[in-house]
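Enquirer: Here the structure of chain A is known, so what remains is to put chains B and C in place on it, guided by the hints.
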Amino acid sequence: MIRTDRVFGLVVILVALTYIVSAYNLPPGNLFDKLGPKAFPTIIGVGMIISAAVLVLRPDEEPEWPARPTLMALGFATVVLVAYAYALKPMGFLVPTAIAAGVLSYQITPHRRNAVLVGIGLSIGLFVIFKYALGLSLFAFPRSLTG
Amino acid sequence: MDIFANLALGFSVALSPWTLTLAVIGCFLGTIIGALPGLGPSNGVAILIPITFTLGLDATAALVLLTSVYYGAMYGGRISSILLNIPGDEPAMMTTLDGYPMAKQGRAGEALVISGVASFVGALLATIALALVAPYLARIAYKFGPAEYFALYVLAFATLGGMASRNQAKAGLAALIGLAIATIGLDNNAGFDRFTGGNLHLSDGVDFLVAIVGLFAVAEVFFFIETHGRDSAVGVKLERVIVPWAEMWSTRWTMLRSSAVGFIAGVLPGAGASLGSFLTYMMEKGIAGEKGGFGTGVAKGVAAPEAGNNAAAGGALVPMLTLGVPGSGTTAVLLAVLMTLNITPGPTLFADRPEVVWGLIASLLIANFVLLLMNVPLVRVFVKVLMVPPAVLLPGVTMISFVGIYSLSGSYFDLVLMILFGVMGYAFRKMDIPTVPVILGILLGYQMENNLRHAMTLSGGEWTYLFSSPIAVGLWIFAAAGFIAPIFLRGMLRRPQVAEADKVTD
Amino acid sequence: MKFTTLKALGTSAAISLLAASSVWAAECIAPANPGGGWDFTCRQIGKILYDIGQVDAPVQVTNMAGAGGGLAYSTVVAERNTDPELIVAASSATTTRLAQKAYGDATADQVRFVGAIGADPGVIVVAADSPFQNLSDMVEAIKADPASVAFAGGSAAGGFDHMKPLQVLKAAGFDDITSVKYIGVDGGADAITQTVGGFTQAMTGDMSEIVGFIKSGEVRALAVLTEERVPGFEDIPTAKEQGFDVVAVNWRGLYVPGGISDEDFQKWADRLQAVADSAEWKQAMTDNGLAPFTKVGGDFQSWIDGVVAQTEELSREIGVIQ
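Chains as they are written, first to last, in the numbering used here: chain A, 1 to 147; chain B, 1001 to 1506; chain C, 2001 to 2322.
For reference, chain A alone in the conformation it holds in the complex (with noise of 0.2 angstroms):
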């Protein structure tokens, strides 16, 4: 049977096997460092090789995953967020956080009005006490349309 356990065990001792083998690539590092760099990361591969392998052997009880439609909503949030990074810094501090934060409260309560109220509520207070009481260095608005 198929578990979620194995699966993730699996994709670990992947990821563990490439970290291990890229640390075998790393250059040899200082005459006078005997351990060099590629010990540790070594000893911390197999060490996550066993512990996954402890997983496929014997995985728990299968964890109850959200059904498709909230998945898919999970997405959707982490495209926002996403998108959010990328946008903060060209396009000033108050557009994008108005819409990531509206977004957001519409996928945890759905209800349009105070979803848009939300974003922009908590857009332009955090910024004010970002900007002015706690000093942080934000910008409004692009960088290029205030100069």
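It is possible that part of the hints are untrue.
Simulated crosslink set (BS3-like; lysine-lysine; CA at most 30 angstroms straight-line) [to be verified]:
{"no.": "1", "chain 1": "C", "residue 1": "2170", "chain 2": "B", "residue 2": "1143"}
{"no.": "2", "chain 1": "C", "residue 1": "2101", "chain 2": "A", "residue 2": "89"}
{"no.": "3", "chain 1": "A", "residue 1": "34", "chain 2": "C", "residue 2": "2170"}
{"no.": "4", "chain 1": "B", "residue 1": "1237", "chain 2": "B", "residue 2": "1430"}
{"no.": "5", "chain 1": "A", "residue 1": "38", "chain 2": "C", "residue 2": "2215"}
Here are the in silico distance ranges between beta carbons for each label pair [as the list claims (entries may be wrong)]:
{"no.": "6", "chain 1": "B", "residue 1": "1008", "chain 2": "C", "residue 2": "2148", "range": "45 to 53 angstroms"}
{"no.": "7", "chain 1": "B", "residue 1": "1376", "chain 2": "C", "residue 2": "2321", "range": "31 to 39 angstroms"}
{"no.": "8", "chain 1": "C", "residue 1": "2321", "chain 2": "A", "residue 2": "79", "range": "37 to 45 angstroms"}
{"no.": "9", "chain 1": "A", "residue 1": "28", "chain 2": "B", "residue 2": "1373", "range": "57 to 65 angstroms"}
Calculated from the structure, these hints are not laboratory results.
All residues carry an ideal CB built from backbone N, CA and C; glycine is no exception.
Expert: Here is chains B and C on its own, set in the frame of chain A:
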């Protein structure tokens, strides 16, 4: 006795209406900064330095302000741990383990009061110890070389077995993943980057703040989207906040033990508050045993890490003041502010500038009392956070985390990394893989490898060097005991369950 | 009652903060977290620029930690190349890393180095009870057995602190420098702790890092790596007078974006000169163990070019770069 004369000197410098006002402001700001995930000491200093300049504060007033912010941040870290399951700063991560279950049961107020008092006890005892023994204790740092530090880190990981709820392999795997992440970046001993794929952003390694905010805050948002806020502490009907005297009294030994262990962890420059709160929690969990109910929301489970991390915060001042070695991110910040005030910590500070040292100790005592008076009544205000609808609260927390992380380096890269950690945190919690060991691995991995390699460099490759001092041997013995004890206990308690699991697999 | 008082205090704090951070004149990027040398450079220079009236509003300090300064460097080159109101804190570490290609493809000629206005002299230090009485004792011991002396320093292997003893050994005609033990720890104070504790035999670092320990008598400085003895520390001999022709100072200064006009470059050079001449800066230098070292404008740029070339050569020799 000398100490009273010294303290009198300190208070004469530090006690005035003006400095008290500053202490209140500092404690308040510190608590808020500490409570906000992603905003940590570096933001604290970013705020402090301009204020000291603009207000033209003299050294004493600035000291009062900065110690208030420092201790305030240590107190504040617990608030979001308990209310939202999101640690405000890294030492507060252990407080999530019992604090959040308590909040889910409607006992957020009690958790905050008990942890607040524990913070007070830890910080107070540490400050007293600092005043009494700092100059002598500084010598401990001279006894800790690469072999001793390596053994200390091994000890921390050896106790991890008690961390997992069911599957020990998962706790171990989580720690190893953290350790592997810690090897990313510049190799200090070879002078080149490892595992960065040529990406300049990774060359400094993965910042543990990015990991902690991702694994906890971002993952929490995913859970709220999945459940729409059910099965959380938000909106839970709160019991009236009363001071739980009896419950608090029952944690008295926990608080005292944790303060002692936390203080020692703080004094060692390579350990710090996170290791302090981790070790105290694991120690108390071990003492309480299976019946203690650690992890389900017990008072001792919030008292131990909070007493431990606040005592460690006080302890960390010992190497900072007497050697100029900052043991943690927060003390590094404090050191920076002292330097801008033209106070250079080091072995001669106690003799050269007694008014500074004793003024600082007096300010710490003042800050500590102000924080207690402020924190306990304010619990009523803090718990109101849980009455904010999740649709407002969680987006707010997310945006705060983004800005906090963004302010680290001003790049999208850390933010994307943080989201990845968020996805990982969500999946790990679903799979019952604890995330605290991942953080511990990231926090300690770099130093662990470094010290191992330094030991091998110094000994010319001789492994016995790792066991060559009494301190190192002692730590190895503790580590072995910490590793074996849970296995032995589990063997007795859990044998039937393991057998059952086997059957299911086959 | 209590809460209203608190609230009022909180509000007043917020307002005072608001006033503190109104309009910024120029921006100084410290390519590290608060607390280090670069942060100090930005904050001190920024403060003095404002105090002596060279700029009419406080200088905003931005911390941009990452890749040992590489992140700030590549950001300035790629995004702020023509910003005339931007200065960036720099030191020997900046040029060492540029010379070693540690900032990716970035090269030292992509920005303009505007000047240095102070320097932290390099030092080589031993514990008070060490058998080495002078630099020659140590060099002879290493020549006899390279594994007998381990150095601790605050930079990574191949970094500036590691280079200092190697330069001395090269000057003494010792070529097997790759076998000399070095451990890179978290900063100079940590390196001293390891040396006083007897785990390493010597510490290599900056003067500012050892001041307190010299005064308390726990360590002895074998040599300072400057042209002449440092004021205030006249009893520490230079490496030069002991017959090892090595000068290594950790200068503190600024660079500006490469695309700004010559007038803007000159403007910053003049401002920096004014800071260097101010009484406030002299006080700050004394308090922090910095020695006078002023090179501003065109002079500084050509000096930097020489340093980069020299570092590149030594790095190649110890195998940090191919």
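Enquirer: All hints, please: hold or fail.
Expert: Evaluated hints:
1. Between residue 2170/C and residue 1143/B the CA atoms are separated by roughly 33 angstroms; this puts the pair beyond 30 angstroms, and the hint is violated.
2. Taken as a hint, the residue 2101/C and residue 89/A pair is honoured in the structure, with Cα atoms around 27 angstroms apart against an allowance of 30 angstroms.
3. Annotation: proposed proximity of residue 34/A to residue 2170/C holds, straight-line Cα distance about 23 angstroms (limit 30 angstroms).
4. Among the hinted pairs, residue 1237/B with residue 1430/B is consistent with the structure: their alpha-carbon atoms are about 26 angstroms apart, no more than 30 angstroms.
5. Distance hint between residue 38/A and residue 2215/C is unfulfilled; the C-alpha atoms sit about 42 angstroms from each other, more than 30 angstroms.
6. The supplied range of 45 to 53 angstroms is met by residue 1008/B and residue 2148/C, whose beta-carbon atoms lie about 51 angstroms from each other.
7. Look at residue 1376/B against residue 2321/C: about 59 angstroms separates their beta carbons, and that is not inside 31 to 39 angstroms.
8. The beta-carbon spacing between residue 2321/C and residue 79/A, approximately 41 angstroms, falls within the hinted interval of 37 to 45 angstroms.
9. Against the hinted window of 57 to 65 angstroms, the Cβ-Cβ separation of residue 28/A and residue 1373/B comes to about 60 angstroms, which satisfies the hint.
The earlier numbered hints that this structure contradicts are 1, 5, 7.
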